[in-house]
Amino acid sequence: MVYKSQKIANWYFTIALFLFVLQVVMGLWLISNYVFTIPQEIVNVFPFATARAMHTNLLVLWMLLAFMGGTYFIVPMETESEIWSPNLAWFQLIALVVTGVVALIGFAFGWTKGRPLLEIPPPLNYMVVVGALVFLFNVGMTMFKARRWTVIQGTLLGGLVFLALLYLAGIPFYRNEVIDWYYWWWVIHLWVEGAWELVTGAIMAFILMRLTGVDRQVVEKWLYVEIGLFMFTGIAGTGHHYYWIGAPKYWLWVGGVFSALEPLPILLMVIDTMNHVRHRHAKIINPHTWTIAVGCAVFHMIGAGVWGFAHTLPQINYYTHGSQVTVSHGHLAFFGAYALLNLLVFYFAMPRLRGIEIYQPTRAKLGFWTMCSAMMLMGLTFGIAGVLQSYLERVLGMGYMTAQSYMRLWMGVTLVLGVFFLGGVLITVFDLLSPKAATERLD
Amino acid sequence: MTKKIAFWIFLLGTLSSAVLFLGLTVDTHRQVASLSHADKLSENVVAGKRAFEKYNCNDCHTILGFGGYYAPDLTKVVQRVGEDGVRYRVRHPEEAFAKSARKMPQQHVSEVEIENLVAFFNWVGEIDNGDWPPQDSKKRLSRSEQRLSLGAA
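Protein sequences appear in the order of chains G and Y. Throughout the first sequence, residue numbering follows the working numbering, covering 1 to 443 in sequence. Throughout the second sequence, residue numbering follows the working numbering, covering 1001 to 1153 in sequence.
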């Protein structure tokens, strides 16, 4: 580690990891609600809806903290300077964590905006905006003062500004439910298939460049192409959420065509990752970090690319929309594209921040493969449940709960897999918080 | 390919998609007024939407297909169970779902809020949304109609 102010990143990562564990615990409670009959007395005080709001908001919060921590780690190395104000970085971390904790406690007492994933109510979501503005100002000032511009940091900053701007679309109260969903997707879709992809592209490019020693010019050239394709397919691809909300019919065409192209940039990212390693100029000193990078690219491709493609054509989506098929896609895509990306950053940065150049990868491998296997299988079991639901409820017209009864077995299997997933997460978190230096040099 | 060409791919890719998307957004606003019968968007309907959000209904139920997947979609709930069916389930969920494997929380929703919710669901059910969800489509034969047609055959 060269820059003292990078140390702040470690706090962002540590809190993010803690929230990740909480998110998974809450997920286990949610799946238990599908498998067992929860007594009315418990449902009255802690309904599924509250737990779901916590599960999804914990996801958003830990991802955002990880992106911010990652940015505070990467920007000093890219600009070759210290962070403009470490105090602001501290202030912003505390502000966001306090806001998040208050929001989570508030959900338990029914204080909610009542919009899925955007449940944080008005006074608190202004705090989120303040936190985001402080962050962008701090990062922007660091880059401005350093006067060393790179495509990687430009993409990172662009993605983060885009991310913050989109959040604003979710704040107003919309009288018309159709318009409400229309702009809800400006936040959710344009985050995960727009702004977050910019952040992902920049972080992947940075880590690949550092891991492999491939020339910056080559890395940044492919970064432009990737983010160009992400933006081209992702922006208009928002249309695949507008098929059945009461929007004009042309969205069936726009959404269908652009969504069909959405796997292309992800495929390019996989090829690009492989190519950089094939033409590497440096020895990869931590091979497990490289395994996570490949895992991230491949899982991103399966979860977001293949699973997304599988049900975005309108003819298919008519039957799968709002079913467990979406849950399957959501879990695989978020884990593959973003959870693994963040874990990649953590494994790249956290041992280094503790002065460990080469870490002992035994526990890391165990955690990684447990998480990946469990999540892949969870994607399949959710998927089977979703196909059953689509067929029984949507095609055959069975009642909702009748169809759900046939899916119950698969939700039970998902619960068992979820326990394994939590095990993998705990091993990973423990390993990241107390990394061991390798006793011998690895290649 | 040079870095300059790659930059142009990024710029043109982003701008072309953004221009298309924003252009269609303007047109969507124009058309949604009639597709959603915005003229019938009364204060009761809006108050119903507020109640729907106040009780976080949308994190268990989907509406227009979005939200939680734990409970049935509410887009055509009035057509499916009737206005009184909605009132009964919201007012006495512990009775309505006594024998169900899944329970709905008793949230002590006021009578005024229940009426507003009914108005909201009535309005949502009339949105021209491509005949979704399929299980509530009028083009589908009902269970009794299916039996009748099988009997007739």
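These are computed hints drawn from the structure, not numbers from a lab. Careful: at least some of the hints might be erroneous.
Stated by the list, open to error - So the derived label-pair ranges between C-beta atoms look like this:
{"id": "1", "chain 1": "Y", "residue 1": "V1081", "chain 2": "G", "residue 2": "L28", "range": "11 to 21 Å"}
{"id": "2", "chain 1": "Y", "residue 1": "G1023", "chain 2": "G", "residue 2": "P123", "range": "29 to 39 Å"}
{"id": "3", "chain 1": "G", "residue 1": "R280", "chain 2": "Y", "residue 2": "K1139", "range": "54 to 64 Å"}
{"id": "4", "chain 1": "Y", "residue 1": "K1054", "chain 2": "G", "residue 2": "Y3", "range": "28 to 38 Å"}
{"id": "5", "chain 1": "G", "residue 1": "R175", "chain 2": "Y", "residue 2": "S1016", "range": "51 to 61 Å"}
{"id": "6", "chain 1": "Y", "residue 1": "S1016", "chain 2": "G", "residue 2": "T37", "range": "27 to 37 Å"}
{"id": "7", "chain 1": "Y", "residue 1": "D1084", "chain 2": "G", "residue 2": "I271", "range": "53 to 63 Å"}
{"id": "8", "chain 1": "G", "residue 1": "V419", "chain 2": "Y", "residue 2": "E1126", "range": "42 to 52 Å"}
{"id": "9", "chain 1": "G", "residue 1": "K145", "chain 2": "Y", "residue 2": "S1016", "range": "26 to 36 Å"}
To be verified - Some chain G residues judged to face chain Y by a derived CB distance under 7 Å, without partners named:
{"id": "10", "residue": "I235"}
{"id": "11", "residue": "T402"}
{"id": "12", "residue": "Y406"}
Claimed, not checked - Below are the PhoX-like pairs computed for lysine-lysine, each with C-alpha atoms no more than 20 Å apart in a straight line:
{"id": "13", "chain 1": "Y", "residue 1": "K1139", "chain 2": "G", "residue 2": "K249"}
{"id": "14", "chain 1": "G", "residue 1": "K4", "chain 2": "G", "residue 2": "K145"}
{"id": "15", "chain 1": "G", "residue 1": "K365", "chain 2": "G", "residue 2": "K249"}
{"id": "16", "chain 1": "G", "residue 1": "K7", "chain 2": "G", "residue 2": "K436"}
{"id": "17", "chain 1": "G", "residue 1": "K113", "chain 2": "Y", "residue 2": "K1054"}
Predicted, not measured: the structure shown is a model, and the values here were computed from it. A virtual CB, placed ideally from N, CA and C, is assigned to each residue, including glycine.
Evaluation of the provided hints:
1. In this structure, V1081 of chain Y and L28 of chain G break the distance hint of 11 to 21 Å, their C-beta atoms being roughly 32 Å apart.
2. Taking 29 to 39 Å as the suggested C-beta distance range, the pair G1023 of chain Y and P123 of chain G conforms, at roughly 36 Å.
3. One distance hint, 54 to 64 Å for the beta-carbon pair R280 of chain G and K1139 of chain Y, holds here, with the actual separation near 58 Å.
4. In this structure the hint that K1054 of chain Y and Y3 of chain G lie 28 to 38 Å apart at CB is violated, the actual value being about 48 Å.
5. Our hint of 51 to 61 Å for R175 of chain G and S1016 of chain Y is violated, since their Cβ atoms are close to 32 Å apart.
6. Distance hint check: the CB atoms of S1016 of chain Y and T37 of chain G are about 52 Å apart, inconsistent with the given range 27 to 37 Å.
7. Here the CB-CB span from D1084 of chain Y to I271 of chain G is close to 59 Å, well matched to the stated 53 to 63 Å.
8. Separation of V419 of chain G from E1126 of chain Y is about 45 Å and conforms to the stated range, judged on CB atoms against 42 to 52 Å.
9. Restraint check, K145 of chain G to S1016 of chain Y: a C-beta distance of roughly 35 Å satisfies the suggested window 26 to 36 Å.
10. Given the 7 Å rule on beta carbons, the hint for I235 of chain G holds: about 4 Å separates it from the nearest Cβ of chain Y.
11. Interface hint at T402 of chain G: violated, since its Cβ lies 11 Å from the closest Cβ of chain Y, which is beyond the 7 Å cut-off.
12. The beta carbon of Y406 of chain G comes no nearer than 12 Å to any beta carbon in chain Y, farther than 7 Å, and the hint placing it at the interface is violated.
13. Restraint check: the Cα-Cα separation between K1139 of chain Y and K249 of chain G comes to about 19 Å, which is no more than 20 Å; the hinted pair holds.
14. About 17 Å separates the Cα atoms of K4 of chain G and K145 of chain G, which keeps this hinted pair within 20 Å; it holds.
15. For a cut-off of 20 Å, the pair hint linking K365 of chain G to K249 of chain G is broken: about 48 Å separates their Cα positions.
16. Of the supplied pair hints, the one linking K7 of chain G and K436 of chain G holds, its CA atoms being roughly 18 Å apart against a limit of 20 Å.
17. With a C-alpha separation of about 7 Å, the suggested pair K113 of chain G and K1054 of chain Y falls inside the 20 Å cut-off, and the hint holds.
Of the numbered hints stated above, those contradicted by the structure are hints 1, 4, 5, 6, 11, 12, 15, listed in ascending order.
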